[in-house]
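Those protein sequence lines, which keep their order, are chains A and B. Residue numbering for the first sequence follows our numbering, beginning at 2 and increasing consecutively. Residue numbering for the second sequence follows our numbering, beginning at 4 and increasing consecutively.
Simulated from the structure, these hints should not be mistaken for lab results. Hints are supplied without guarantee of correctness; some may be wrong.
[What the hints assert, rightly or not] Straight-line C-alpha distance at most 16 angstroms; calculated EDC-like pairs for lysine to aspartate or glutamate:
{"hint": "1", "chain 1": "A", "residue 1": "LYS44", "chain 2": "A", "residue 2": "GLU115"}
{"hint": "2", "chain 1": "B", "residue 1": "LYS56", "chain 2": "A", "residue 2": "GLU105"}
{"hint": "3", "chain 1": "A", "residue 1": "LYS51", "chain 2": "B", "residue 2": "GLU234"}
{"hint": "4", "chain 1": "B", "residue 1": "LYS199", "chain 2": "B", "residue 2": "ASP232"}
{"hint": "5", "chain 1": "B", "residue 1": "LYS245", "chain 2": "B", "residue 2": "GLU208"}
{"hint": "6", "chain 1": "B", "residue 1": "LYS97", "chain 2": "B", "residue 2": "GLU133"}
{"hint": "7", "chain 1": "B", "residue 1": "LYS114", "chain 2": "B", "residue 2": "ASP144"}
{"hint": "8", "chain 1": "B", "residue 1": "LYS58", "chain 2": "B", "residue 2": "GLU105"}
{"hint": "9", "chain 1": "A", "residue 1": "LYS84", "chain 2": "B", "residue 2": "GLU98"}
{"hint": "10", "chain 1": "B", "residue 1": "LYS221", "chain 2": "B", "residue 2": "GLU208"}
{"hint": "11", "chain 1": "A", "residue 1": "LYS136", "chain 2": "B", "residue 2": "ASP300"}
{"hint": "12", "chain 1": "B", "residue 1": "LYS96", "chain 2": "B", "residue 2": "ASP127"}
{"hint": "13", "chain 1": "B", "residue 1": "LYS224", "chain 2": "B", "residue 2": "ASP181"}
{"hint": "14", "chain 1": "B", "residue 1": "LYS224", "chain 2": "B", "residue 2": "GLU286"}
{"hint": "15", "chain 1": "B", "residue 1": "LYS56", "chain 2": "B", "residue 2": "GLU98"}
{"hint": "16", "chain 1": "A", "residue 1": "LYS51", "chain 2": "B", "residue 2": "GLU133"}
{"hint": "17", "chain 1": "A", "residue 1": "LYS107", "chain 2": "A", "residue 2": "GLU94"}
{"hint": "18", "chain 1": "A", "residue 1": "LYS81", "chain 2": "B", "residue 2": "ASP300"}
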Amino acid sequence: MLKPAFKTLFWCISTLALLLGNTVQADEFNKDDLNRWQTQFDKVVQDGRKLWVTPLGSNGVSCAQCHPNAANTHPETYPKFQKQLGKVAPMWEMVNWCLSNPVEGKALAADSAEMTALQAYVTYERRGVKLEPGKH
Amino acid sequence: MSHVINRRNFLKGASALTAASTLPISMIELAFADSSQNFSFAYISDAHIQHVKGKDFVRNWDRGLIRAVAETNLLTPKPDFVMFGGDLAQLGKKEELDHGAEILSGLSGSKLRCVMGEHDYYLDLGQYWEKLFGPQYYSFDHKGVHFVVLNSILTTDEWTFKRWPTAVQRMNEMAGLDNPNGSPFMVGDKQRAWLKNDLANISKETPIVVFSHSPLQKIYKGWNFWTDDAEQVQALLQPFKKVNVIYGHVHQIQYNQIGNISFNSVMATAWPWPYPSTYAQAEQYLPKLTVEMNRADPFFERDATGWQLINVATGNVDLHYSLSNNTSRTVAFNSKTGQPEDTSYQAPEKRIPPQSHF
Ligand SMILES: [Fe+2]
Ligand SMILES: [Fe+2]
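Here chain B stands alone, though its shape is the one from the complex (with noise of 0.2 angstroms):
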């Protein structure tokens, strides 16, 4: 049963403010059959926070996080937290960790969790991050919904511990989307052995909601749009009824269904990034149920960023994408064909032109 949240009523405290419905975050909401236990919490990610030098970060970057957190607190009623998707930094210093949580501590009133992105990752092995925001992976359950955090963006020991000469460049190699100098992502071993552990008690009937920073589920290798793990992840979560995966890294809008696991990507607040299929030199596995987002226009710098409104109705999710300069999106759970789907653009002759990608 879905139960459609209206943004304007999360967004009517914005109304004197005319940017706001344009503002970059991701609103979740979770309905249930009884509406008290509905909850909702906001996502925003892939912020990609970038030093310059001295107190100079990159303009354009900051402006997207900073409208997304601006609008966050806007949002009537509060979420019950705020997910940040990982990529806060875009080299992992601390500089731009520390200016990413200065910019994030503008949250009112809304516990704030991460999870990390490669960006936040290979300079020291999230040691710096972890002073700031907790524990790499973890769970936590909220109003009977199981919330698991993966770290999915770790790779093989060799690459990490014995590749690269420095840390620096070890970050600078796998910064590069397209550099085939970087390395599969991967949940690995010891954080599968975890996940089973902590899935053990949990009731089969249990919504399961899993962030990730990487697509749980296998789209293009060479940009990492990738988990060389995933098939392993996905089986310990197919038992579940009612599994949804929420990832950040691709910049753009994705969604899929694998057995009982709907996958939903979530957008970027600094910049969009191109479809794999645009690559003509590429062969890739974007799902053929996505309905791409719009083209990015360069001339407007905020476009093809944007945020979610994540309404999971019974346990399923459904993305309110709000897109700066650009239409709405809306991809919802569909009980009938149990996937998710676009709910104005999925059916072929409903596409619009700027959706094709080339």
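Chain A with its partners taken away, still in its complex shape (with noise of 0.2 angstroms):
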């Protein structure tokens, strides 16, 4: 059972709640939202493209100089087996060899903004690509 405090709090925001009507809905959204949701996601992509012709690791070599317009990446056939790792793997371990190896860097959390940003950058300039998940 709820202590009475607490049941007139639970009344009060229930009260609110109804009040406020629509704003706390779920499912509806309107063009401000997707504007908004469109501007978050080609922000994320022109980090990723800054990235990418950025020096990432110790030897000044940048994404680009080997993928520009991040071409040959293939975005669209991850996961797939990578035979040199033994195992099925997503792009972001892929994108982690390259900053290791070639570009002589650190491995990105696979959280982290900057593979988010990555990701969305290579996966944007692929658009309109069919998914051709375990593809060689």
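Reassemble the complex: the two chains are provided individually, in unrelated frames, and hints are given to aid placement.
Here is the structure:
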């Protein structure tokens, strides 16, 4: 059982929610929402592009040096089996492979903002290409 | 009449070194009806020596050029000369050009000639490069063949002289292959006038070999696989019966035939580039004739880099690509069809899975 004070608080919140109506409802979004989400996404793609042309490791080499416009990264084919890793790998593991080897740097956390941005950029450059997970 | 060179003959001095058969250089043999006139030259390109700091350079790119030089030194018979196809440096720095020149100085007993690349040029507009290697464009004759070296990576005066606050920024803007702030390459009016004059007294029967850094044909503007005045340069070359254009810059196998002109690209010693067709947002014109190189395996840092043995049989070039960590390729002029073709993979049913790029 809730104590009286909490009961009152609960009643207040419920009433407030009813009064506010649509603003706390899920699943309906408008043009402003769409614009905001697109703007947020575009910003992360831009962040990814900036990282793409910035040396991320220790030797001054950038991703774009070998992958102009993120070509030859094949985001639509992940996850896929990588024989050198001996397992099915998601894309971020291959990004980290490149960061650790050709650019002689450190791996990024899979959920870091930088890794999200890099994957957003690479995938954006492949927009329109059909998904083919596992393809080599 | 094709006189195909067996690479083993060239490399027989190399048998003691197991790595020799996989080292990246280009080897060119010119074959004529009189075989005593045959000669060869090596072609190394796109080393992209990249300064990190102090005495540190990017190890991966260094290794590519060092291997190329080592193998060139093992060739038997010795090549008459060695060509370097441009992009010796990554950002045109003295440190990079000096370090590259030092590695190239390991070439024993063969004269070195160089082509200007955009990565060599846009810091000081080729001044230091000229001190090391000589004029930016020139021609020479060798055993009956007329050779022309062009600086094909020039662009507009506005872009070169007015747009960028510093030389360093200008270099950086041009160094990014996919940078929309770059500018299309061109040979330019002055050099085309020079070329016209240079060719004026050459017999139309004389085989012509032109070395440029950018393709003297239009493939994909977005990455400067492109020369803006390509048609005008081609028009100067078309009257000659046998013309060969050999270019670097693209870091991949490409070949084409336009009229009397055969086009062949050479591999980089540094890293491969994707084919423009793999950029989903691009409109591009890779010659249909080209059977693409195998897709690079990123786990082998020298994969999809390499070198060519090139044989000019009666004035047409055959390129024997020796590819590090991969199977060699031969693209030879087919006198029946009058175009360069891969001797193993040209027929569609002969293609192998890694040749499909996406
Ligand atoms: Fe290059
Ligand atoms: Fe280049």
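Verification of the supplied hints:
{"no.": "1", "hint": "A:LYS44 to A:GLU115", "result": "holds (12 angstroms)"}
{"no.": "2", "hint": "B:LYS56 to A:GLU105", "result": "holds (14 angstroms)"}
{"no.": "3", "hint": "A:LYS51 to B:GLU234", "result": "violated (36 angstroms)"}
{"no.": "4", "hint": "B:LYS199 to B:ASP232", "result": "holds (14 angstroms)"}
{"no.": "5", "hint": "B:LYS245 to B:GLU208", "result": "holds (7 angstroms)"}
{"no.": "6", "hint": "B:LYS97 to B:GLU133", "result": "holds (12 angstroms)"}
{"no.": "7", "hint": "B:LYS114 to B:ASP144", "result": "holds (14 angstroms)"}
{"no.": "8", "hint": "B:LYS58 to B:GLU105", "result": "holds (13 angstroms)"}
{"no.": "9", "hint": "A:LYS84 to B:GLU98", "result": "violated (39 angstroms)"}
{"no.": "10", "hint": "B:LYS221 to B:GLU208", "result": "violated (27 angstroms)"}
{"no.": "11", "hint": "A:LYS136 to B:ASP300", "result": "holds (15 angstroms)"}
{"no.": "12", "hint": "B:LYS96 to B:ASP127", "result": "holds (9 angstroms)"}
{"no.": "13", "hint": "B:LYS224 to B:ASP181", "result": "holds (10 angstroms)"}
{"no.": "14", "hint": "B:LYS224 to B:GLU286", "result": "holds (9 angstroms)"}
{"no.": "15", "hint": "B:LYS56 to B:GLU98", "result": "holds (10 angstroms)"}
{"no.": "16", "hint": "A:LYS51 to B:GLU133", "result": "violated (34 angstroms)"}
{"no.": "17", "hint": "A:LYS107 to A:GLU94", "result": "holds (12 angstroms)"}
{"no.": "18", "hint": "A:LYS81 to B:ASP300", "result": "holds (15 angstroms)"}
Hints 3, 9, 10, 16 from the list above are not met by this structure, while the remaining hints are.
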